[in-house]
Amino acid sequence: MKLSISVVGTGRMGSALARALLQSGYRTTVWNRTKQKAEPLAALGATVATSVLEAVNAAEIIIVNVSDYQASAVLRDDAVASAIRGKLIVELTSGTPHGAREAAEWFAAHGASYLDGAIMATPDFIGTDAGTILISGPRQAFDANEEMFRALGGNVQHVGEEPGRANALDSALLALMWGALFGTLHAIAVCQAEEIDLGELGRQWTAIAPVIDGLVADLIKRTNAGRFASDDETLSSISPHYGAFQHLLELMEARKIDRSAVDSYDAIFQRAIAAGHLHDDFAALSQFLESPDKRSLRSGPREGSLLAG
44 MKLSISVVGT GRMGSALARA LLQSGYRTTV WNRTKQKAEP LAALGATVAT SVLEAVNAAE
104 IIIVNVSDYQ ASAVLRDDAV ASAIRGKLIV ELTSGTPHGA REAAEWFAAH GASYLDGAIM
164 ATPDFIGTDA GTILISGPRQ AFDANEEMFR ALGGNVQHVG EEPGRANALD SALLALMWGA
224 LFGTLHAIAV CQAEEIDLGE LGRQWTAIAP VIDGLVADLI KRTNAGRFAS DDETLSSISP
284 HYGAFQHLLE LMEARKIDRS AVDSYDAIFQ RAIAAGHLHD DFAALSQFLE SPDKRSLRSG
344 PREGSLLAG
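When you read off a place in the sequence shown, starting at 1, and then add 43, the result is the number in the working numbering.
Just so you know, these hints were derived from the structure itself, not from any lab.
Owing to the predicted nature of the structure, the values given are computational and were not obtained by experimental measurement.
Label pairs and their computed distance ranges (CB to CB): (1) D306 x Q113: 31 to 37 angstroms; (2) V254 x Q113: 38 to 44 angstroms; (3) K299 x E148: 48 to 54 angstroms.
DSS-like cross-link-like pairs, simulated, lysine-lysine; straight-line CA separation at most 27 angstroms: (4) K78 x K45; (5) K130 x K78; (6) K80 x K130; (7) K45 x K80; (8) K45 x K130.
For glycine and all other residues, C-beta sits at the position ideal for the given N, C-alpha and C.
Using the sequences and the hints, build the whole thing.
Here is the structure:
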């Protein structure tokens with residue numbers, strides 16, 4: 044017989060999680076602070092709990108998907124805390140790595156197993172083969188319930204024993220996404236200022252997207268290997284990037300386009316160049332997002348760089 048599961052939080056994402064579990068035949072109880080948001084799931088076979096304690100008592104696994112970790116504190120009520128012993132808590136609320144670590148410690152102290160996750164998908168992907176969820180925490184707890192996780196998405200991955208790993212990866216991947224989205228906003232602003240049809244921007248983006256994908260993959264690979272000096276495999280050094288970047292700054296200044304974000308990029312360029320990395324691989328910039336104390340250990344001029352003797 045399949046395990047009984049409770050879903051705490053039935054907003055759009057929590058409801059999608061509950062529907063996926065119901066469709067896979069799991070006995071599912073749901074609770075939401077606003078009861079009306081949970082009631083549509085009753086028509087699909089879910090039991091609507093009247094309290095968090097009732098939801099916890101009804102299940103062996105409690106999946107939490109609320110607004111933030113502060114809202115997850117509903118599980119830390121004294122009465123609820125005494126009911127979670129021996130159960131598995133799966134926190135799928137968006138949070139921070141240190142928040143996940145603190146939660147893992149608290150639940151362990153109260154006799155519960157704890158997995159922390161990051162949902163890398165919109166609600167329409169939940170329960171599909173393309174649904175991606177990153178899970179961190181004890182591997183044994185993940186493996187023992189892998190069938191349940193597969194019901195939530197075909198690309199559910201255990202990414203490490205350390206409980207904060209999933210949220211750290213979530214932030215890293217969102218940084219990539221927001222970089223692309225804000226970059227698109229800048230591109231739109233430039234085209235509008237220069238009276239270029241946005242359909243043309245879309246067509247040209249399609250043409251160069253593989254090049255950019257290759258540059259991103261190379262940047263990750265070279266940074267991982269610490270290969271910051273230019274070599275025969277360098278795709279682009281800092282120098283040509285910085286020259287072209289100045290043209291963007293000049294255009295945005297002339298057209299009165301907001302420069303606050305790109306001025307931050309300029310500051311990173313300038314720190315790297317001042318440290319003698321102008322002709323190094325673009326990956327050398329990765330060293331200049333660290334704290335000054337950490338960066339100072341390895342930011343001296345490199346042999347063959349602009350400022351080296």
